[in-house]
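Participant: These are the residues of each chain, in order.
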Amino acid sequence: TQLLEQSPQFLSIQEGENLTVYCNSSSVFSSLQWYRQEPGEGPVLLVTVVTGGEVKKLKRLTFQFGDARKDSSLHITAAQPGDTGLYLCAGAGSWGKLQFGAGTQVVVTP
Amino acid sequence: EAQVTQNPRYLITVTGKKLTVTCSQNMNHEYMSWYRQDPGLGLRQIYYSMNVEVTDKGDVPEGYKVSRKEKRNFPLILESPSPNQTSLYFCASSLATPTDTQYFGPGTRLTVL
Chain V
188 TQLLEQSPQF
198 LSIQEGENLT
208 VYCNSSSVFS
218 SLQWYRQEPG
228 EGPVLLVTVV
238 TGGEVKKLKR
248 LTFQFGDARK
258 DSSLHITAAQ
268 PGDTGLYLCA
278 GAGSWGKLQF
288 GAGTQVVVTP
Chain G
10 EAQVTQNPRY
20 LITVTGKKLT
30 VTCSQNMNHE
40 YMSWYRQDPG
50 LGLRQIYYSM
60 NVEVTDKGDV
70 PEGYKVSRKE
80 KRNFPLILES
90 PSPNQTSLYF
100 CASSLATPTD
110 TQYFGPGTRL
120 TVL
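Just so you know, the sequences run in chain order V and G. Going by our numbering, 234 is the number at position 47 of the first sequence; the sequence numbering is gapless. Going by our numbering, 22 is the number at position 13 of the second sequence; the sequence numbering is gapless.
In case anyone wonders, no lab produced these hints; they're calculated from the structure. Some clues are possibly wrong.
[Unchecked claim] With a straight-line cut-off of 20 Å between C-alpha atoms, the simulated PhoX-like cross-links for lysine-lysine are:
no. : chain 1 : residue 1 : chain 2 : residue 2
1   : G       : Lys80     : V       : Lys284
2   : V       : Lys257    : V       : Lys246
3   : G       : Lys27     : G       : Lys74
4   : G       : Lys66     : G       : Lys80
5   : G       : Lys66     : V       : Lys284
6   : G       : Lys27     : V       : Lys284
7   : G       : Lys66     : G       : Lys78
Just so it is clear, the structure is predicted and the values come from calculations on it, not from any experiment.
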């Protein structure tokens with residue numbers, strides 16, 4: 188059972204368009220992380236959100252943590268082909284565990 | 010260079026033949042963990058270790074063993090591999106807890122025939 192549900196599973200857009208990826212859970216997390224994974228490589232951390240309602244910006248990427256700390260979203264403005272990748276959210280569960288969502292595959296075509 | 014290394018990167022084996030995938034980090038991290046990645050399922054945690062000699066089950070520990078005798082090494086052992094363990098495996102480490110930045114290894118592609 189996936190504790191963290193990501194949607195959509197797949198997203199294909201044209202360069203310059205905007206997109207939003209969602210990460211939802213019925214559980215409360217002390218923090219949520221977003222990673223991006225490219226083919227043949229391990230995931231790389233993009234951001235960690237900690238406070239309910241927090242918004243963090245990383246260039247064209249905007250991350251939001253829900254007020255109740257159960258959900259998060261990733262918004263990309265004016266997507267570029269370099270944004271192509273698998274986006275994963277992750278939350279720390281019970282003592283020591285880290286759980287990932289199934290991921291959203293984003294493809295940005297020129 | 011700070012990194013997590015895994016070996017081998019690719020492995021094809023047969024059912025029942027014991028194997029070990031090594032993982033080593035040079036960042037003096039306390040937290041280490043193993044994941045398997047399967048299409049549509051994302052990363053699922055197999056085992057994690059908060060420190061030397063301390064290991065705990067993740068969400069999918071069946072069929073796997075680990076050990077943490079030294080801080081830098083966290084090998085994954087498959088005593089009797091089966092075809093359903095065919096997967097892409099990642100080792101990761103972080104400073105102290107799962108909420109710290111996870112640094113992933115390059116992955117090990119395992120095929121069990």
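Participant: Does the alpha-carbon distance linking G:Lys27 and V:Lys284 stay inside the 20 Å limit?
Facilitator: 26 Å, violated
Participant: Does G:Lys80 lie within 20 Å of G:Lys66 when you go C-alpha to C-alpha?
Facilitator: Roughly 18 Å between the alpha carbons, so the hint for G:Lys66 and G:Lys80 holds.
Participant: Next pair to validate is V:Lys257 with V:Lys246; report whether the Cα-Cα distance is within 20 Å.
Facilitator: Violated: V:Lys257 and V:Lys246 sit about 25 Å apart, past 20 Å.
Participant: Has the given pair, G:Lys27 with G:Lys74, been kept, meaning a C-alpha gap of at most 20 Å?
Facilitator: At roughly 11 Å apart (the allowed maximum being 20 Å), G:Lys74 and G:Lys27 satisfy the hint.
Participant: Given the hint that G:Lys66 pairs with V:Lys284, does the C-alpha gap stay at or below 20 Å?
Facilitator: 8 Å, holds
Participant: With a cut-off of 20 Å on the C-alpha distance, tell me whether G:Lys66 and G:Lys78 pass.
Facilitator: The given pair, whose Cα atoms are some 17 Å apart, holds under the 20 Å limit.
Participant: Mind checking the alpha carbons of G:Lys80 and V:Lys284 for me, to see if they're no more than 20 Å apart?
Facilitator: With Cα atoms ~18 Å apart, G:Lys80 and V:Lys284 stay inside 20 Å; holds.
Hints 2 and 6 from the earlier list are contradicted by this structure; the remaining hints agree with it.
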